[in-house]
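Undergrad: Below, each chain spelled out in residue letters.
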Amino acid sequence: MSEALRLAREGAVWVLAAALVAAAIGAPLLAPYDPGLLAGPPFAPPSPTYLLGTNDVGQDLLSQLLYGVRTSLLVAGSVALLSTLLSWAVGLAAGVSRPAEAVLMPLVELLLALPSLPLYMLTVTLVGPSLPHLVLMLALLSWPAFARVVRSVVITERAAPYVEAARALGATRRHLAWQHLLPATLDVLPTKLILTVRFAIFAEATLAFLGLGDPATISCGTMLSRAFDDPLLFNRPVWPWLVLPPAAAIMALVLTAAWMSRALEARLAPSRRVPGRPRPVDA
Amino acid sequence: MSRAAVRLLIRYLLLAGGVILLNFLIPRLLPGDPLHVGAAEGLDSGLPLPATAQAQLRAYYHLDAPLAGQLGAYLGDLARGDLGWSLAANAPVGQLLLDRLPWTLGLLLTALLIAAATGTALGLLAGWAPAGPRDRVLVALTAALAALPEFLIAIGLLLVFAITLRWFPLLGGRTLFVEDRTDLLGRGRSALDIAWHLTLPAAALVLAGTAGFVLIARDVTVGIRQAPWLIVARAKGLSERQIAVRHALPNLALPLLTYFGLRLGAVLGGALVVERVFHVPGLGLLGYEAIRARDYPVLQALFLLSSLGVLLANCGVELLYLRLARRQPALHE
Numbered sequence: 001m002s003e004a005l006r007l008a009r010e011g012a013v014w015v016l017a018a019a020l021v022a023a024a025i026g027a028p029l030l031a032p033y034d035p036g037l038l039a040g041p042p043f044a045p046p047s048p049t050y051l052l053g054t055n056d057v058g059q060d061l062l063s064q065l066l067y068g069v070r071t072s073l074l075v076a077g078s079v080a081l082l083s084t085l086l087s088w089a090v091g092l093a094a095g096v097s098r099p100a101e102a103v104l105m106p107l108v109e110l111l112l113a114l115p116s117l118p119l120y121m122l123t124v125t126l127v128g129p130s131l132p133h134l135v136l137m138l139a140l141l142s143w144p145a146f147a148r149v150v151r152s153v154v155i156t157e158r159a160a161p162y163v164e165a166a167r168a169l170g171a172t173r174r175h176l177a178w179q180h181l182l183p184a185t186l187d188v189l190p191t192k193l194i195l196t197v198r199f200a201i202f203a204e205a206t207l208a209f210l211g212l213g214d215p216a217t218i219s220c221g222t223m224l225s226r227a228f229d230d231p232l233l234f235n236r237p238v239w240p241w242l243v244l245p246p247a248a249a250i251m252a253l254v255l256t257a258a259w260m261s262r263a264l265e266a267r268l269a270p271s272r273r274v275p276g277r278p279r280p281v282d283a
Numbered sequence: 001m002s003r004a005a006v007r008l009l010i011r012y013l014l015l016a017g018g019v020i021l022l023n024f025l026i027p028r029l030l031p032g033d034p035l036h037v038g039a040a041e042g043l044d045s046g047l048p049l050p051a052t053a054q055a056q057l058r059a060y061y062h063l064d065a066p067l068a069g070q071l072g073a074y075l076g077d078l079a080r081g082d083l084g085w086s087l088a089a090n091a092p093v094g095q096l097l098l099d100r101l102p103w104t105l106g107l108l109l110t111a112l113l114i115a116a117a118t119g120t121a122l123g124l125l126a127g128w129a130p131a132g133p134r135d136r137v138l139v140a141l142t143a144a145l146a147a148l149p150e151f152l153i154a155i156g157l158l159l160v161f162a163i164t165l166r167w168f169p170l171l172g173g174r175t176l177f178v179e180d181r182t183d184l185l186g187r188g189r190s191a192l193d194i195a196w197h198l199t200l201p202a203a204a205l206v207l208a209g210t211a212g213f214v215l216i217a218r219d220v221t222v223g224i225r226q227a228p229w230l231i232v233a234r235a236k237g238l239s240e241r242q243i244a245v246r247h248a249l250p251n252l253a254l255p256l257l258t259y260f261g262l263r264l265g266a267v268l269g270g271a272l273v274v275e276r277v278f279h280v281p282g283l284g285l286l287g288y289e290a291i292r293a294r295d296y297p298v299l300q301a302l303f304l305l306s307s308l309g310v311l312l313a314n315c316g317v318e319l320l321y322l323r324l325a326r327r328q329p330a331l332h333e
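Protein chains in written order, with our numbering: chain A, 1 to 283; chain B, 1 to 333.
Among the clues, some could well be false.
Cβ-Cβ distance ranges computed for the label pairs, FRET-style [as the list claims (entries may be wrong)]:
1) Gly17(B) to Ala19(A): 45 to 55 Å
2) Ala65(B) to Tyr162(A): 49 to 59 Å
3) Val103(A) to Ala144(B): 36 to 46 Å
4) Val103(A) to Thr182(B): 37 to 47 Å
In short, the hints are calculated from the structure, not lab data. Yeah, the Cβ is synthetic: ideal placement off N, Cα and C, and Gly gets one too.
The whole structure should be built from the sequences, with the hints applied where relevant.
TA: Okay, here's the thing in structure tokens:
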């Protein structure tokens, strides 16, 4: 691919990402109505007053959409931070200390072997669907895969000549862990961060669609779930306005995150893409 | 049985034990009281129970026993195949799940097999000429499809093929109010009816699931494209198609088999969500109804059953892998 084309594509992705973030941050200013209030008649078609129309109880869909993107990005950001921190701490601990490894790695293996959606369905229903609970559950159950990566980096690095030299010079285990092993794991963290952003947008939308979204907060997933709760949805002439905008927003969010993770991967470690080795597909 | 196989079985038995223990611990570790539904949202219990009734319920569910006693009661129930009583459906949970299982299993296995087959074929095509136009289009397309949530793909298919074109039904697993006939013709007709209803849900899962298979088959193909035995095959004058199918394809079997096992859990999740879009009466719809009704026993059994199922299938896949890997000791690299 020519360099200009690649740059143009990367630029387009950044513009899209910036637009989504701007919509999320500026939602309170941009939204013409309070998304939770009844702004007009139910099922109003798009008009200058309601640019995307209204939903089954008369809430303005454009305002809901803007706040929905805001919720998605809020969840994604917090989950990514928490989950990255967790997997980093666990991976580092398991790579440095034997007892920690003996306790943590079986847990990692168990969590990785389980199908995640039924686990989310059970835990989120039990604690009650609210935004903080959702963030906590998504973070608590999404760290294992990357904890393994961090641990393997630490183990590889432990055998590196410079670490061995430091050990020969009498460095303590604590010194080795903080001065040499910890910095070595830093360059895999951005990849984990952006992969988890993608995962969290994906998971929040899916769980919200299954009725596990925070009932008090609007997200694109709860908008779709609400539309699909209506048994007569497709008999109403306004159905495209109820279904297409939130679906398009989720699509834009996950695709932007996916493209950004690919661009990041290519920029950070072009040599790590060995032909023949499977790419990481999941977060 | 080889030592590797024994080790594998022990590992999976331990994992299964972990799942059973986790299923026991999750409701007990998470905040909330089973007798106080709604407390998590700051709501009052809808039905204030007198103290005697509360004590009675706690005794009935063994909640007054110490944790070890509760675990004993739980394991005893499990050993008898008792998964609890659904509060919403007022029926044994095991029976509810068993009734819905065939739909999900059928959907899941059909979609996964089709996805694996098409993904392998497309990946071989893409990897045969890496960085060519075909490769680029396929990789970009599959990467985008893999990023989308399954329910979005399902909604897209629904909008195009069920609502705009009207080729397929909007929802359900079969046509309602049609009398079941037991003769051969009637059975064939109802099988066709079910297949017609499940085409779109399965297609959504295939579209979402193919991507990973394409990427792995492609990467392995790129790695072995210049392998000595393929050069020999070329020197013999075989056509490119013969070389690809007869000499390259078998090398994809092992990595794809591993990936097949890894994907099971994710595709199961996809099936559960897609069932909600199309109202297929499988485990996913049951789970959705249970979420709305706060029917914890159903969700717990769903978690237990699907986890054990995925573990069992993965164990089978890994045993098969051991058998196949033994037959070809010198793997490419």
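Undergrad: Would you mind marking each hint as holding or not holding in the structure?
TA: How the hints compare with the structure:
Taking 45 to 55 Å as the suggested C-beta distance range, the pair glycine 17(B) and alanine 19(A) conforms, at roughly 50 Å. A C-beta distance of roughly 57 Å is found between alanine 65(B) and tyrosine 162(A), which places it inside the suggested range of 49 to 59 Å. For the pair valine 103(A) and alanine 144(B), the beta carbons lie near 40 Å from each other, so the given range of 36 to 46 Å is met. A hinted range of 37 to 47 Å for the beta carbons of valine 103(A) and threonine 182(B) is inconsistent with their spacing of about 58 Å.
Hint 4 from the earlier list is the only one contradicted by this structure; the remaining hints agree with it.
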